[in-house]
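Participant: Now for the letters of each chain:
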Amino acid sequence: MLGWLRRHSGVVPYLFLLPGGLWLIAFFVVPLITTASVALQEGSLATGYRLTFNFGIFPEAVGRWDTQLLRSLQYGLIVTVLAMLIGYPMAYTIAFRGGRYKNILLLLVILPFFTSFIIRTISWKFILADQGFVLGTLKEIGLLDQGFRLLATPVAVISGITYNFLPFVVLPLYVALERIDPRLIEAATDLYASRLQAFLRVTLPLSISGVFAASLLSFIPAVGDYLNAELLGSRNETMIGNVIQRLFLVNRDYPEAAALSLILMAGILVSIFFYIRLLRGQELTV
Amino acid sequence: MARTAPLPERSRSTGERARRAVLPVFTGLVVAYLSLPILVMILFGFNDIQGRFNFAWQGFTLDHWTNVFGRYPALNQALINSVVVALVATTVATTLGTLIGLALTRYEFRGRGPLNLLIFLPIATPEIVLGASLLALFVSVAAPLGLATIIVAHIMFNVSFVVVTVRARIAGFDRHLEEAAMDLGADELTTFRKITLPLIFPGILAAALLAFALSIDDFVITQFTAGAQTLTFPLWVYGASRIGVPPQVNVMGTIIFLVAIVGMVLWVYLQRRDMNARPTTLER
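Residue numbers (our numbering), protein chains in the order written: chain A, 1 to 286; chain B, 1 to 284.
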């Protein structure tokens, strides 16, 4: 065996790739193809499905669920910007000012990962509850109106998603910022750049790879999320994930659900494509 | 690290000091924001609830701790299912992903571009699309949904994460060590066992820990691939959330949390010791 492999050493990498590669093809690529074929079928569970190449399903699905599609995109963008605004200063502080607390701070950032995603979201539902200990107390001392509520509002859903994906933003930003030599920033200030200029012209451009990774790691899961909208929102905050989940698991309307999944995936890939071009252009001008 | 050499204290005015405090204070607030739901989870595992809803504080009790596994047999089963799924999926995904990582970093071969795309795409695809398309596949081939389909799905989404983690570790390793072993008469298998594997082992372990964490907590893909009969811990909690989550869930969550923290601290400690024991490339 070993002798044969020595003589045909070109085969070795393919042997290494084969099991994992086949797994990804069988359970990632093939399911996407199946999804496409399901989307193009017509019929119902009772009568059976037939492949009719019904491409009309795509514009139909977009037309029917345009509110939810746009809302998901909008929430995804807001969450990404918010997470960046919260995560960047934090990553910056840990990287440049962390000192000997660096590791502890990083541990605190990933602490939420040590509890279940669903338990954390239920915790938020509880914290934000109308008569919960936060709002209830504020109402009692008269700081808030009795009718004020956070649950079942976009604020609750957006802050819930931001919470869930914030660690994904801090970590890549930290990795990128940690690599920057602080002497470069000192050099900029020595050469009479203001703190803002030094940040905009040195620190930010040098951390752009982290910004890129961080924004994708929050945007992609945020757009597809449905748990926060379901637990913290109302019917007015329904996202496209909720629709896909309901069509697939409750209504069993497989063609439309499959079409929406593909539309969501295509929308995300197109956004990433434009985003990469935008950042490339940014790097050239810096 | 001695990167942040403090300025002499006397040269700072009050305004300067206030400005310097903004970032640490902000960071502290964000840490509080991140920990708040966890504190709530821990606290309400001690709540002496009357009735079904664990929403308002009603008094301290240890009942739920002494009686974690006694009350809801289905919850115990769900927790066992989660652990079984995570263990199997982690083992298989770590093996498959490590092999791909080795191939990508150690060998020249055709088809590198498509392969990288095949590894990147599952990470860039929202979980709901992964879960939905797997369900479409399982439904169309009439595969019975259950533990097996959950495990198949978990292996799939973990492979990419393992490849990325392991590759980062192998990329920074010195090939000369392997050549030296071969020069000294070791064959490929011995070299792999005695030199390569120990060197990349921390990367493999990190990948396995990540895979385990992702798997045991996964909700979305699991919901699509589980079918009606099989529940994992997150699925059980989700089901219960509509009628009121019992405090036993908080207690189990707290136990998982503590185990994870202890594991993490142990892992950091072992790595430190490892790094101190082994000469670094610089010293060589």
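Do not take every clue at face value.
[Said to hold, decoys possible] Here chain B is said to cover these stretches of chain A; the calculated rule only asks that three of the stretch's residues, wherever they fall, bring their Cβ under 8 Å from a Cβ of chain B:
| id | segment |
| --- | --- |
| 1 | 12 to 19 |
| 2 | 99 to 107 |
| 3 | 161 to 175 |
| 4 | 204 to 212 |
[To be verified] Label pairs and their computed distance ranges (CB to CB):
| id | chain 1 | residue 1 | chain 2 | residue 2 | range |
| --- | --- | --- | --- | --- | --- |
| 5 | A | L200 | B | Q229 | 52 to 58 Å |
| 6 | A | L200 | B | L184 | 26 to 32 Å |
| 7 | A | I25 | B | M264 | 52 to 58 Å |
| 8 | B | L266 | A | L22 | 33 to 39 Å |
[Unchecked claim] Here are a few chain A residues that sit away from chain B, every Cβ distance over 12 Å (derived from the structure):
| id | residue |
| --- | --- |
| 9 | P59 |
| 10 | G63 |
| 11 | F126 |
Hints listed in this document are in silico derivations from the structure and should not be mistaken for laboratory results.
Predicted model only: the values in this text are computed from it and were never measured.
We treat Cβ as the ideally placed atom computed from N, Cα and C, and that holds for glycine.
Participant: Against this structure, judge whether each hint is valid.
Facilitator: Verification of the hints:
As drawn, the segment 12 to 19 of chain A meets chain B at 6 residues by the rule of a beta-carbon pair under 8 Å; at three or more, the given contact holds. Counting residues of the segment 99 to 107 of chain A whose beta carbon lies closer than 8 Å to any beta carbon of chain B gives 5, which meets the minimum of three for the stated coverage. Beta-carbon proximity to chain B at under 8 Å applies to 3 residues in the segment 161 to 175 of chain A; the threshold of 3 is reached and the given coverage holds. With a threshold of 8 Å between beta carbons, the proposed coverage of the segment 204 to 212 of chain A by chain B is violated, since 0 of its residues qualify and at least three are required.
One distance hint, 52 to 58 Å for the beta-carbon pair L200(A) and Q229(B), holds here, with the actual separation near 57 Å. The beta-carbon spacing between L200(A) and L184(B), approximately 55 Å, falls outside the hinted interval of 26 to 32 Å. Distance hint check for I25(A) and M264(B): the Cβ-Cβ separation is about 34 Å, which falls outside the suggested range of 52 to 58 Å. Roughly 36 Å separates the CB atoms of L266(B) and L22(A), a value that falls within the hinted 33 to 39 Å.
Distance check on P59(A): its Cβ is at least 19 Å (rounded) from any Cβ of chain B, clearing the 12 Å threshold; non-interface status holds. A cut-off of 12 Å between C-beta atoms confirms that G63(A) is not in contact with chain B; the least separation is 20 Å. With a least beta-carbon separation of about 6 Å from chain B, F126(A) fails to lie farther than 12 Å from that chain, contradicting its non-interface assignment.
The structure fails hints 4, 6, 7, 11 (numbered hints given earlier, in ascending order).
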